[in-house]
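Q: If you read the protein sequences in the order shown, they are chains A, B and C. Each residue of the first sequence is one higher than the one before, starting from 1 at the first, in this note's numbering. Each residue of the second sequence is one higher than the one before, starting from 1 at the first, in this note's numbering. Each residue of the third sequence is one higher than the one before, starting from 1 at the first, in this note's numbering.
The hints are simulated quantities; they were obtained by calculation from the structure and are not laboratory data. There is no bait here: all hints are sound.
Heads up, the list lumps identical chains together, so a pair's fine if it works in one copy or across two of them.
With a Cα cut of at most 25 angstroms, we get these calculated BS3-like pairs of lysine-lysine:
id, residue 1, residue 2
1, Lys4, Lys28
2, Lys4, Lys133
3, Lys28, Lys133
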Amino acid sequence: MAIKMQIQSRTRNQLIDLTGQVQDIVQKEGWHTGVITLFCPHTTAGVTINENADPAVSRDILETLSRLVPAAQAHFTHLEGNSDAHLKSSLIGVSQQVLLEGGHLLMGTWQNIYFAEFDGPRARQVWVSFCGK
Amino acid sequence: MAIKMQIQSRTRNQLIDLTGQVQDIVQKEGWHTGVITLFCPHTTAGVTINENADPAVSRDILETLSRLVPAAQAHFTHLEGNSDAHLKSSLIGVSQQVLLEGGHLLMGTWQNIYFAEFDGPRARQVWVSFCGK
Amino acid sequence: MAIKMQIQSRTRNQLIDLTGQVQDIVQKEGWHTGVITLFCPHTTAGVTINENADPAVSRDILETLSRLVPAAQAHFTHLEGNSDAHLKSSLIGVSQQVLLEGGHLLMGTWQNIYFAEFDGPRARQVWVSFCGK
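Chain A with its partners taken away, still in its complex shape (with noise of 0.2 angstroms):
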């Protein structure tokens, strides 16, 4: 059974931390050993892993895909105007996979688990489900 996570994103374009949440996720659930699979049911937004320890970190992502799929383009024809947030999200992924071993999260000790918002502020969801034992 998947847990669905509740997630409110603040700004148009986001990274927000959830690491802990899925840790707690993972420990309430008694998942032990095996592989998670984070899904982002949306399609304006996404999973990343990444750095945790500086914040210009995330904020550099964000502005840097941003000049890479500007907000307005005079080619885009889909009329909510938010197809760049669209591209980003197939850009990003929305699914991400993460090891675990014996409760815990297998990560590097640099990486966090992001929701990759795009399209902002809203109210979204991740989903959480196991594989393992």
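Position chains B and C relative to chain A; hints supplied.
A: Leaving out everything else, chains B and C in the frame of chain A:
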């Protein structure tokens, strides 16, 4: 055992909706609860999940991606002339995971699964495998 | 239990073929049929799957990606000066799934698994885990 889906792309860049075909495989195989992995065995294509409602989204994604990674670039050294397609494949990714519950794909309301062709038209495959019970 | 592969990159940007090493692990561990997860525990590197035949493809992928995300950008605020590598990591992704059947990697003819270094040279790891039987 992986199930092999057959796909025929019609243009160089194309997003082809696989959602119905994938759901049919899930039902026929009797897969119930867990995670499916969709894997694209090609190096100039990928698999992505994005909006199903307005076809303008697919159009904008492909067009914006082609502006980011133009087909002809002076520094390309690969003689087949499709280096753009190889990079797009690595940016979008060749696999996706989707959660299953009660024999159904657990996805967001607006999400479909797409085969992403970047060097068509070609006969292609996507492989589907299940982990769960 | 995840198996930890040791990798040594030689240049700042490099694609390092892991396919043989991964196949060796699969054989040694006796993994048979299911899915393996490759996870890169670093925030300035990733894992990707792309062409194995012509080395020009790897060269073009790295060069084109570096033109998209130049190493020096005036708006970068992260003091380590490797914000380009962090974004590339999130674009390419830190994990990949590969199907296994009969103890062999189930991949396309032209596909290899690559460690994608974006801030080398460094000593790196990629972790491999198996779900199946």
